[in-house]
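Novice: Sequence:
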Amino acid sequence: MPDLDARKQTILQAIIIEYVTAAEPIGSEALVQKYQLGVKSATVRNEMAEMSDLGFLEQPHTSAGRIPSDMGYRYYVDHLIVRHDVDEATRSRVRNAASDGDALQGLLRDTIRALSRVTHLLGAATIVRDSHVTIRTAVVSALGPTKALLVLVLSNGHVENRMIDVPVGLTLDDVGYANDLLANAVVGKQLRILARTKTPTGFGNVASEKLAVTLWSNLRSIARQLTRGVVITEGEEFMFGQPEFQRDLVALHSLLEELTDSDVLYDTLAPTDDVRQVTIGRENRHERMRQLSVVRKSFHIGGEEAGVIALVGPTRMNYDRSIPLVNYTAKALGDSLSRFFG
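So the mapping is simple: the working numbering equals the position in the sequence shown, first residue as 1, plus 6.
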């Protein structure tokens with residue numbers, strides 16, 4: 007991503023502040039009238055044109071002003087954001103919601119409901135299940151020239167069998183090497199770690215490498231399936247009030263149904279080491295999420311990761327407020343849950 011000089015940073019920051027507030031494209035004349043930029047509107051117009059060429063701004067209509075692009079929001083979040091402290095009234099509201107529940111799901115729902123009402127965004131949370139279960143045994147056995155059986159025995163007694171396709175030309179030595187690899191890299195590992203582990207590399211032949219890719223893809227799939235917890239959402243009604251979604255409420259309704267009824271939102275929120283705290287528009291893995299931004303934070307019980315809470319909204323969301331609020335809420339929720347579970 008190219009860097010911006012001080013003037014372009016100031017203009018980008020002003021455009022984002024205005025667009026977050028009004029949800030309307032901003033022109034150079036309006037910026038010069040409202041902000042002390044120290045230059046004429048023609049200069050601001052040229053700067054905005056340059057930032058459009060660089061990918062930081064978009065022009066929705068030929069005669070309209072500019073709006074931030076996903077890249078513009080990313081630059082803002084990484085370099086220009088002013089993270090305000092959460093005000094005491096909001097802190098109190100979140101603390102009360104995070105301490106009034108009498109069960110985990112009730113506590114989560116009360117908390118994200120408060121978070122949603124404070125921000126007028128969609129609040130979401132997910133719980134990690136069986137995250138401490140470990141792999142006791144991992145074995146792959148050849149069943150023919152193109153099939154093999156992957157067997158996992160877990161510390162809670164559960165046995166998982168998965169029939170897999172294997173590459174043509176695989177030898178018994180390759181299968182033996184794969185079992186050595188499973189014993190060294192998988193046995194003893196927790197499911198939650200296995201769900202995000204990367205495929206080993208550096209094999210001596212193509213068949214072994216293809217087998218490893220297949221094995222680790224299945225291992226991650228099994229781990230995600232076995233640790234998948236519930237997804238809780240609150241505040242869908244606030245999404246219908248967002249100006250950018252009012253043009254097609256039927257499409258928004260379909261999107262919200264898919265987010266709550268499918269794995270899309272769970273996969274988006276599932277704890278991983280690689281994911282950013284903030285994903286903006288096209289940075290999201292799932293295509294259906296690419297008109298949205300997500301601000302997420304893991305919460306912990308007694309120091310162990312237990313789940314994720316998040317705010318989901320248009321890319322125009324107020325990041326200055328949303329990020330510190332999600333951070334504070336995750337900590338307050340974790341503290342309450344740690345007390346609740348002793």
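The hints are simulated quantities; they were obtained by calculation from the structure and are not laboratory data.
Check before you lean on any hint, since a few could be wrong.
Straight line, CA to CA, 27 Å or less: simulated DSSO-like cross-link-like pairs of lysine-lysine [as the list claims (entries may be wrong)]:
hint: 1; residue 1: Lys303; residue 2: Lys337
hint: 2; residue 1: Lys153; residue 2: Lys204
hint: 3; residue 1: Lys303; residue 2: Lys204
hint: 4; residue 1: Lys303; residue 2: Lys195
hint: 5; residue 1: Lys195; residue 2: Lys216
hint: 6; residue 1: Lys216; residue 2: Lys204
hint: 7; residue 1: Lys303; residue 2: Lys216
Distance ranges between label pairs, derived from CB positions [to be verified]:
hint: 8; residue 1: Asp9; residue 2: His126; range: 45 to 51 Å
hint: 9; residue 1: Ser161; residue 2: Arg291; range: 49 to 55 Å
hint: 10; residue 1: Gly44; residue 2: Thr207; range: 52 to 58 Å
hint: 11; residue 1: Glu35; residue 2: Gln15; range: 26 to 32 Å
hint: 12; residue 1: Lys337; residue 2: His138; range: 20 to 26 Å
hint: 13; residue 1: Asp341; residue 2: Gln42; range: 25 to 31 Å
hint: 14; residue 1: Pro8; residue 2: Lys337; range: 52 to 58 Å
Positions of the beta carbon are idealized from the N, C-alpha and C atoms, including for glycine.
Novice: Which hints from the list above does the structure break, by number from lowest to highest?
Specialist: Those not satisfied are hints 7, 8, 9, 11, 13 and 14.
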